[in-house]
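*Asks:* Heads up: the sequence lines are chains A and B, in that order. The working numbering puts the first residue of the first sequence at 1, with every later residue one more than the last. The working numbering puts the first residue of the second sequence at 1, with every later residue one more than the last.
Label pairs and their calculated CB-CB ranges:
(1) B:Arg-363 / A:Asp-274: 38 to 44 Å
(2) B:Asp-96 / A:Ser-93: 17 to 23 Å
(3) A:Asp-119 / B:Gly-330: 24 to 30 Å
FYI, nobody ran anything at the bench for these hints, they're computed from the structure. Yeah, the Cβ is synthetic: ideal placement off N, Cα and C, and Gly gets one too.
Below, each chain spelled out in residue letters.
2 protein chains.
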Amino acid sequence: MQVDLGNALGTTPGLSEGTLDRLDDRVADAHERIAAGRADREFGYASLALPETADPDAIRAAVEPFGRPAAVINVGIGGSALGAATLSNALDSETDAYFLDNVDPEHVADLLADLPLEDAVVNVVSNSGTTAETLANFLVVREAMADAGVDWTERTFVTTGPEGNLRRLAERHDLPALDVPAGVPGRFSALSTVGLACAALQGHDIEAVLAGGRDAMGGLSGSLFETPGYAYGAATYALAERGAATNAVMPYAESLETFAEWFAQLWAESLGKDGVGQTPARALGATDQHSQLQLYRAGPPDKLVTMVRPRERADRAIPETDLEGLSYLGGASLGDLLDAEFEATEASLAAADVPNVRVEVDRVDERSLGELLYGMEAACVLYGELASVETFTQPAVEWGKKAARGLLGGGDFAEAEAVAEKRELLIGE
Amino acid sequence: MQVDLGNALGTTPGLSEGTLDRLDDRVADAHERIAAGRADREFGYASLALPETADPDAIRAAVEPFGRPAAVINVGIGGSALGAATLSNALDSETDAYFLDNVDPEHVADLLADLPLEDAVVNVVSNSGTTAETLANFLVVREAMADAGVDWTERTFVTTGPEGNLRRLAERHDLPALDVPAGVPGRFSALSTVGLACAALQGHDIEAVLAGGRDAMGGLSGSLFETPGYAYGAATYALAERGAATNAVMPYAESLETFAEWFAQLWAESLGKDGVGQTPARALGATDQHSQLQLYRAGPPDKLVTMVRPRERADRAIPETDLEGLSYLGGASLGDLLDAEFEATEASLAAADVPNVRVEVDRVDERSLGELLYGMEAACVLYGELASVETFTQPAVEWGKKAARGLLGGGDFAEAEAVAEKRELLIGE
Chain A
1 MQVDLGNALG TTPGLSEGTL DRLDDRVADA HERIAAGRAD REFGYASLAL
51 PETADPDAIR AAVEPFGRPA AVINVGIGGS ALGAATLSNA LDSETDAYFL
101 DNVDPEHVAD LLADLPLEDA VVNVVSNSGT TAETLANFLV VREAMADAGV
151 DWTERTFVTT GPEGNLRRLA ERHDLPALDV PAGVPGRFSA LSTVGLACAA
201 LQGHDIEAVL AGGRDAMGGL SGSLFETPGY AYGAATYALA ERGAATNAVM
251 PYAESLETFA EWFAQLWAES LGKDGVGQTP ARALGATDQH SQLQLYRAGP
301 PDKLVTMVRP RERADRAIPE TDLEGLSYLG GASLGDLLDA EFEATEASLA
351 AADVPNVRVE VDRVDERSLG ELLYGMEAAC VLYGELASVE TFTQPAVEWG
401 KKAARGLLGG GDFAEAEAVA EKRELLIGE
Chain B
1 MQVDLGNALG TTPGLSEGTL DRLDDRVADA HERIAAGRAD REFGYASLAL
51 PETADPDAIR AAVEPFGRPA AVINVGIGGS ALGAATLSNA LDSETDAYFL
101 DNVDPEHVAD LLADLPLEDA VVNVVSNSGT TAETLANFLV VREAMADAGV
151 DWTERTFVTT GPEGNLRRLA ERHDLPALDV PAGVPGRFSA LSTVGLACAA
201 LQGHDIEAVL AGGRDAMGGL SGSLFETPGY AYGAATYALA ERGAATNAVM
251 PYAESLETFA EWFAQLWAES LGKDGVGQTP ARALGATDQH SQLQLYRAGP
301 PDKLVTMVRP RERADRAIPE TDLEGLSYLG GASLGDLLDA EFEATEASLA
351 AADVPNVRVE VDRVDERSLG ELLYGMEAAC VLYGELASVE TFTQPAVEWG
401 KKAARGLLGG GDFAEAEAVA EKRELLIGE
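Next up, chain A with everything else stripped away, as it sits in the complex (with noise of 0.2 Å):
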């Protein structure tokens, strides 16, 4: 992974050579911050340590009895979906993923009567084994299979903490069992059992994915300049107080449209509290040139853009052609193309003051990605302990479970009855 900040440097908001020297001086403290929270194994900097203590023996253990099914679906939301979705959608595999990270009922139906259940593995991911959604989905699928005539003990393993009504589901139906690792938030276990089961069915080289991410570890240093997450994080942090309030972040790779997503959820729940964070905006390069890009040249300049890309990949020639004008197309290839809307783009962010950054990784494959992952986690932590917030908490999101779990009769909760005096200003009907 490369990180090049050249072109956050003396735009608006922007960087100086000067910030980042004197930056340099809190990324040494914080590095060691952060080094001796993961080797003690700390809450949340645990996560930094998964490349040596993810034992990827036990995973491909705990999924090797089913075989390649032709179907894996991975039932779980949030961080129990991204990381193992955000491998999924860039690697191909004969084994089709399926992520059911959402209760829209039609939608729900819809895969169900489309999947061949009787030849898919289902992987219900939950830490806690009290996560709404993802038993609510469970329970629908489960009964689906049943009514399928399959047997669901035998297409069905879970990937849960050390306690909970998943664990004694496993225990009571002698299900295959993964654990969640203790002091591993949801959104930074990309790296573990929870992203990693899924990749292990669909055949993928999931020992890569750890050593790259073990590349990425073993690169740590106390100098942003020294090391591409770091400097990522530094950039980032530096950007947004000097009022890039928006990350937009669009990789030019179709592959790592999810890689947005997850990185979504990691800086959003990660740094958005105590009224500070700042705001990821998913993009895709180039198709969101035509959607996203005179807003962020041309309005408020509050944006960084992250252009992300692999440096390669297979590519298919343009045919010749005789259209009017455009022959220069012919002899060129989708990828030349593709490459060009990449550096034009960055270009003319450039020439209008926005400051972008480059974030390179050599290919699409398990290494880069690994790298990638815990590039952008460390990244997201150095900025954490640069923004002094609990990068590892999501406290905000709690009143609203409450609410809902009143509202289904769940239980006595003051926030359900909140709900109830909504105050209305109707237009249209």
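Start from chain A and add chain B according to the hints.
*Replies:* Chain B in isolation, oriented as in the chain A frame:
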């Protein structure tokens, strides 16, 4: 369509009833300007006349010769994709639709390898007929069809302006050709040939889409208190002026996920100029409660959350369970759970003083979609009037187009030279 502004009153940032009353005078003036522009078919404003100017018979006549294919491939980008994709992804059909709206070579190759080209219809959409990504993709698709022994001239139609490459191509090969209506920018073209041809091929009721648009058009009046689209446009404008720099649009329906993409283009390209403009953030309920809600509730007070839902949908019961503490889920349905999450999230934002606006449609069908798309276009045009921006242009994207073209040898452009002068500050490798 109904808009509920109740949860934007007294929040931070927020509105008061006095604010809305004062705004309403400006809405009356803006409506006069809009109505006159619509009547005169002025550039841009002509978009709001589409429910009465679009000709569904011409669309049906162009696609009828193709029957009901297995797949339709829409080759277009930005506004030449998102309207059609919104309808397609919201409505069920036995004809699959694919949107080739990016030039990622791996993605294009994977798609072409999977598609039944012999039973697919290609719709090439570009107003100018020169959009580099679209023409490059078309050349690749045409070659793939030829390689598969398919006569592309029998399986292709174009949607384009009166002149340019695609028009000439259609004439040369006697392809069906639909006209992009005059005066309608791509992002406002969902209710025209551009958005509706694909829907017609998929067997959707395009007359009902237009009827929904007509309902919304007929309801436009000089008061925000009587016009849901204007209520939304005026409220978002006033909230943006008061600090809501970001508008997170969060449909609670998987079928409306692409609607949020469409909205993001509408908002960003129309309003993001002159250093102002509200940044759209695409979200999805309930999924993003586990990803973005922490930030929305506890991050910087610079957000508005737009909560969108259908009032009716097909439902799915959650089976009874003896899982501990989860019996409350049994007897409820996934729809009940999703609605509880919706209302709990609204209330949780209100409790944290974060403005949120509810937008409801009757159900996700052709008529409601037409009403929703038209209503949001009216909202956007009103916002543009109130903000005194040039809603219908997107000048900031030209720089990058020239640079990309220059990089590929398509002419001498100073912008391409600027790309070579990129400043670097590299960390990692």
